[in-house]
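Trainee: Chain B: place on chain A using the hints.
The listed protein sequences correspond, in order, to chains A and B. Residues 1 to 245 in our numbering are what the first sequence spells out, letter by letter. Residues 246 to 395 in our numbering are what the second sequence spells out, letter by letter.
No lab work stands behind these hints: they were computed from the structure. Note that this is a predicted model, so its numbers are computed, not measured. Beta carbons: idealized from backbone N, C-alpha and C, even for Gly. Watch out, some of these pointers could steer you wrong.
What the hints assert, rightly or not - Covered stretches of chain A (chain B as the covering partner; in silico rule of three or more C-beta atoms under 8 Å from a C-beta of chain B): (1) 27–35; (2) 75–86.
What the hints assert, rightly or not - Cut-off 25 Å, straight-line C-alpha distance, at most; resulting in silico cross-link-like pairs (SDA-like, lysine to any residue): (3) A:Lys222 / A:Glu235; (4) A:Lys78 / B:Thr305; (5) A:Lys241 / A:Asn216; (6) A:Lys86 / A:Pro220; (7) B:Lys316 / A:Met82; (8) A:Lys94 / B:Pro298; (9) A:Lys116 / B:Leu350; (10) A:Lys241 / A:Leu231; (11) B:Lys325 / B:Pro298; (12) B:Lys325 / A:Tyr83; (13) B:Lys325 / A:Leu50; (14) B:Lys361 / B:Arg343; (15) A:Lys116 / B:Gly351.
Said to hold, decoys possible - Partial list, derived from the structure: chain A residues whose beta carbon lies under 7 Å from chain B: (16) Ser15; (17) Gly16; (18) Glu18; (19) Thr43; (20) Leu46; (21) Pro47.
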Amino acid sequence: MPDLPKKKVGIVSCSGEEMPEGTVTRLATLKVLWELRPDDTVTICLPLFLAGGQGERTFARYYPTIAVDGCERRCAAKGTEMYSGKPAASIVVKDLTAGGELGSPEGKGRLNERGKAAVEATAARIATLVDELRTGRPRQRATAPSSTPSPPMENQPPSQNACSCTSTPPSSVISIDGEKVSMLGLPLVFERFLDSDKVAREEIGPELLKAARVYNFISPEKETAYAGALLREYEAYRASKRMNR
Amino acid sequence: MSRAKPKVVIVPCSGIGKPYGTVSREAAYIVTEELCPGRTQLVPLSLLVLGDPQARAAVTESVAVTIDGCKLACSTKMVKESGGTVSKDIAVLDVFRRHRDLKPLGIAELNLEGLKLARVIAEEMARHVDDLAARVPGASTPRKEENEHA
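Next up, chain A with everything else stripped away, as it sits in the complex (with noise of 0.2 Å):
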């Protein structure tokens, strides 16, 4: 079978404007992206669940998400699960920093000391439950910021996961049996087999089927319409590849 794509952690963050907490999301939300994990992570801007289209509502079943919020209010957490899916864990900065040594933060648009704490200490959580989510269980190595400093945010180009809010998850529509099914990651499974020089043949039905299990639901007993449908479109995508070359 192909390699497919390595699973990628979403993370939501409120990014409330009217609380400093809010800044922390953002800013620990970005440290993640950029400095921590940049290479397992992804993120969408919480709104786009409501402002966009299919691909983004289904951001939170193509990535296992970890919901960020300011508040107990959790809007980053609840409407993720509203719009999207429920998040695999959640994190609350006022949890993190409340009655603790790192003291409340100010500052909405310039975080002061503490809230740049809480941005570290966010960060590292966000870290470490991208590491439990991935693996199933913690990285050995430090999740906290290291002793030699890392380049300003700033001055770091953004990664190409820095933001979902141009580039959706793949999702595509296909026939099932008459009736229209949107299906995630398709794109992405049919390139792999293409590199593996696979051909649209019967025989490949049931591995196009678990490729395709990693990010949708496929019920047993639509099996055989599924992997049909599947080589039909698998068959067009090289049909349209063959053409363009």
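Mentor: Same frame as chain A, now just chain B:
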């Protein structure tokens, strides 16, 4: 005894992937905290997404100015979806096209040009808030400096 003057609601987008989202956030802070404090109210988009009753009431009982960082226009769409009236929607990209020298860079922290672009947008919003105040009886008094310029 006069009624409480209605505050103009300012709703920036929560864009986290590009500097334009940060510009919208910064502009909202400038107008609500510096240029028109007391006459404007910042409403977080995340609360509108959640359907928070207070946030929805804020946008339905007043008029809103929205600032969007990209063409998807999340804040404008969310205000309308929440039953609010958008009296002015500002697209950061459109303002940038009029001020090509103010290219914003940095998402976590804006460069100087980005901060200037945010101020240009905030000034535009403040003028609009003044216009609204002049048109709506009982609304907030226009800013002093704007009167002097007029």
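Trainee: Confirm or reject each hint.
Mentor: Hints and how they fare:
1. Check result for the segment 27–35 of chain A against chain B: holds, 4 residues qualifying (beta carbon to beta carbon below 8 Å, three or more required).
2. Counting residues of the segment 75–86 of chain A whose beta carbon lies closer than 8 Å to any beta carbon of chain B gives 6, which meets the minimum of three for the stated coverage.
3. Restraint check for Lys222 (chain A) and Glu235 (chain A): satisfied, since their Cα atoms lie roughly 20 Å apart, inside the 25 Å limit.
4. Note on Lys78 (chain A) and Thr305 (chain B): the hinted pairing holds, with a Cα-Cα distance of about 22 Å set against a maximum of 25 Å.
5. This hinted pair checks out: Lys241 (chain A) and Asn216 (chain A) have alpha carbons roughly 24 Å apart, not beyond 25 Å.
6. For the given pair, Lys86 (chain A) sits about 24 Å from Pro220 (chain A) by alpha-carbon distance, which is consistent with the 25 Å threshold.
7. Taken as a hint, the Lys316 (chain B) and Met82 (chain A) pair is honoured in the structure, with Cα atoms around 24 Å apart against an allowance of 25 Å.
8. For the hint linking Lys94 (chain A) to Pro298 (chain B), the alpha-carbon distance of about 22 Å falls within 25 Å, and the restraint holds.
9. Pair hint Lys116 (chain A) plus Leu350 (chain B) holds up; C-alpha atoms about 21 Å apart against a cutoff of 25 Å.
10. For the hint linking Lys241 (chain A) to Leu231 (chain A), the alpha-carbon distance of about 15 Å falls within 25 Å, and the restraint holds.
11. The hinted pair formed by Lys325 (chain B) and Pro298 (chain B) meets the criterion: a straight-line CA distance of about 15 Å does not exceed 25 Å.
12. Note on Lys325 (chain B) and Tyr83 (chain A): the hinted pairing holds, with a Cα-Cα distance of about 18 Å set against a maximum of 25 Å.
13. Annotation: proposed proximity of Lys325 (chain B) to Leu50 (chain A) holds, straight-line Cα distance about 12 Å (limit 25 Å).
14. Proximity of Lys361 (chain B) to Arg343 (chain B) is assessed by CA-CA distance (about 13 Å); at most 25 Å being required, the pair is judged to hold.
15. This hinted pair checks out: Lys116 (chain A) and Gly351 (chain B) have alpha carbons roughly 17 Å apart, not beyond 25 Å.
16. Among the interface hints, the one on Ser15 (chain A) holds; its C-beta lies about 4 Å from the nearest C-beta in chain B, closer than the 7 Å criterion.
17. Given hint, Gly16 (chain A) at the interface with chain B, holds; its Cβ is 5 Å from that chain's nearest Cβ, closer than 7 Å.
18. For Glu18 (chain A), the suggested interface contact is upheld, since its CB lies about 5 Å from the closest CB of chain B, less than 7 Å.
19. Because the beta carbon of Thr43 (chain A) sits about 6 Å from the nearest beta carbon in chain B, less than 7 Å, this interface hint is met.
20. Taken as an interface hint, Leu46 (chain A) checks out: its beta carbon lies about 5 Å from the nearest beta carbon of chain B, inside 7 Å.
21. The closest approach between the C-beta of Pro47 (chain A) and any C-beta of chain B is roughly 4 Å, which is under the 7 Å cut-off, so the hint is satisfied.
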